[in-house]
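Given chain A, work out where chain B should sit, using these hints.
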Amino acid sequence: MTSGTGDSTREADPDVEALVVDRYLESLLARRPVGISDVPDDLVTVADRLVADLPRPHPSPTFEEHLAARLAAAAAAAPAGLPTDEPFTLPADVLIFPAARSAHDRGAVRPVVIGGVLTSAAISLAGAAIVAWRWSRYPDDRMARAVRAVARTRPV
Amino acid sequence: VARPEEAGRARPVRLDLDRSLVVAAREDPARFDALYRKYVAQVYSFATYELRDRHDAEDVTARTFLSALAGLPRFTERAHDPDEPEASSFRVWLFTIARNAIAEHKRTRRRHPEADIDAAIHLADPTDLTHIVEQREDWGSAWRAVADLPGDRRRALVLRFVHEMTTSEIAAVLDRSEPAVRVLIHRALRAVAADLERRR
Chain A
1 MTSGTGDSTR EADPDVEALV VDRYLESLLA RRPVGISDVP DDLVTVADRL VADLPRPHPS
61 PTFEEHLAAR LAAAAAAAPA GLPTDEPFTL PADVLIFPAA RSAHDRGAVR PVVIGGVLTS
121 AAISLAGAAI VAWRWSRYPD DRMARAVRAV ARTRPV
Chain B
1001 VARPEEAGRA RPVRLDLDRS LVVAAREDPA RFDALYRKYV AQVYSFATYE LRDRHDAEDV
1061 TARTFLSALA GLPRFTERAH DPDEPEASSF RVWLFTIARN AIAEHKRTRR RHPEADIDAA
1121 IHLADPTDLT HIVEQREDWG SAWRAVADLP GDRRRALVLR FVHEMTTSEI AAVLDRSEPA
1181 VRVLIHRALR AVAADLERRR
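Protein sequences, first through last, are from chains A and B. Each residue of the first sequence is one higher than the one before, counting from 1 in my numbering. Each residue of the second sequence is one higher than the one before, counting from 1001 in my numbering.
None of these hints come from the bench; they were simulated from the model. All C-beta atoms in this analysis are idealised placements derived from N, C-alpha and C, irrespective of residue type, glycine included. Just so you know, not all the hints are guaranteed correct.
[Said to hold, decoys possible] Some chain B residues well away from chain A (every beta-carbon gap over 10 Å; in silico):
#1 T1048
#2 T1108
#3 S1141
#4 T1166
#5 R1182
#6 R1198
[What the hints assert, rightly or not] A short, non-exhaustive set of chain A residues, derived as facing chain B with CB atoms under 7 Å:
#7 V34
#8 V46
#9 D48
#10 L50
#11 L54
#12 T62
#13 F63
#14 A73
#15 A74
Next comes chain B alone, as it looks inside the complex:
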């Protein structure tokens, strides 16, 4: 919180949660490690929900952080919303890079499909996330219901429930308006509720 003197009164002004880490990394790129350690699990998790494959998620995570390191001088801190004191525009920027990396990964996969040897011989990869999660009925049904949602509904729900982003952060990541994100999440919840009811 910063308190600039304004007409004799101190007015609290929130700073971006990651400002000090970003400043340090800009001055010395070796200190980018702190931002990496803080967000690697979140980016990996987001990629895993989108790609449903551990190796693909690792590939996208690596590309996201290498791009972020290279692009850090171009990062611009957005105006901070006083109603959301725990938001980070760096995190939003990072997830935007991840979203683009995931989209590029999917495009490449469509252009150059690879034969899956495990699928060909009907063996489940023991480290495959879907396989692991589905072994637990309680976790598996929620996972499947969310995974079956179409594109931005799924992304909005995952960003809300797994990454605990605010509506405005999700709007920035998905490049949509806040009312549109609220409607996306609302419809996604309705769809998941109906799906879980059908599976009972």
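The following block holds chain A by itself, in its conformation from the complex:
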């Protein structure tokens, strides 16, 4: 747990303090907390607590597969290659590199609720199972395969 040294009783412009807190949260959620001394102690404490304690509800596999089937049926009925308002076009002279994985996908250790079953993704079998199941359903594109290949080479 991080502890701040800021003084929550001092007079501060709320807009300035909101900006300072925003910067701190940005670094906290990137797992590189900085600027703690500028943030009031009570806000540092509550931010740490929310990062650790707020559960992440997860749909049950049954629901997820059922909805996937509904979407597949709807997709089959939809015409392919529909005209778009803004087609994606790139200049011919650009080099494209894979984008980074989202911060959400980096996977914070926090409680997970799977379709009504309470668990912790970090320690429980249910959490491990859902993570494995989720990974098995990541898109099978070139970027996803590369990310999985790199992940497999890293020590656990």
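The following block gives chain B in isolation, referenced to the frame of chain A:
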């Protein structure tokens, strides 16, 4: 990252995180499944925090993705912020659909209230999220403090801490300015801190 040649110098340009998946889904709607698998848990989680009911959250999640599939040709990628290389305008668009679906669900529920048989006989649904989370004191107090926040303060805090969205992404989802979102989150944190202090 794309590097267009500009006056002899390569300037890195970030692409939307989900561009390749969106392009594939537009060309072949069957490939929407990849976007669905990537974001279903996030949309469900957002709906659960808003509705506090597993079945309502499932209903809203289904409506969100069916609307997104139908509306994908109308999706417009926003200009990308170089300071936020991991942002996805598709995710913001999807959460905007979810927010509207949740609002519509709440309106329908107010117009057509249903008698809750479990509430009538004072039995807690064993799969009810609030009931489950509150069994754990550490998780329960944080959950309750956030759940008690008013509308956009709660949404902003959940999008920040559970979905790890940036301030600009939250501003787009909630249709507010970035300074307004910063103030929302700041006030929400103050309220949660006071609430947790009272519960000690």
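query: Any CB of chain B closer than 7 Å to the CB of A/F63?
result: holds, 5 Å
query: Does the claim that B/R1182 lies off the interface hold, with its Cβ farther than 10 Å from every Cβ of chain A?
result: violated, 4 Å
Restraint satisfaction for A/D48 [CB to CB of chain B, less than 7 Å]: violated, 11 Å
message: Holds or violated: the hint that A/A73 contacts chain B, with Cβ atoms closer than 7 Å.
response: Violated, because the Cβ-Cβ distance from A/A73 to chain B comes to roughly 10 Å (cut-off 7 Å).
query: Non-interface claim for B/T1108: all C-beta distances to chain A beyond 10 Å?
result: At roughly 20 Å from the nearest Cβ of chain A, B/T1108 sits farther out than 10 Å, so the non-interface label holds.
message: Please check whether the beta-carbon of B/R1198 is more than 10 Å away from every beta-carbon in chain A.
response: holds, 13 Å
message: Holds or violated: the hint that A/A74 contacts chain B, with Cβ atoms closer than 7 Å.
response: It holds, given that the least Cβ distance between A/A74 and chain B is near 6 Å, below 7 Å.
- prompt: Was the hint right that A/V34 lines chain B, CB cutoff 7 Å?
  reply: Since chain B brings no Cβ nearer than about 16 Å to A/V34, farther than 7 Å, the hint is violated.
message: Please check whether A/V46 passes as an interface residue: C-beta within 7 Å of a C-beta belonging to chain B.
response: Since the shortest Cβ distance to chain B is 4 Å, the answer is holds.
query: Taking 10 Å as the cut and beta carbons as the points, is B/S1141 off the interface with chain A?
result: violated, 8 Å
task: Grab the minimum beta-carbon distance between B/T1166 and chain A and tell me whether it stays above 10 Å.
output: violated, 7 Å
message: So, as I understand it, the hint says A/L54 touches chain B; can you test that by seeing if any CB pair is closer than 7 Å?
response: holds, 5 Å
Checked against the numbered hints given earlier, this structure breaks hints 1, 3, 4, 5, 7, 9, 12 and 14; the rest are met.
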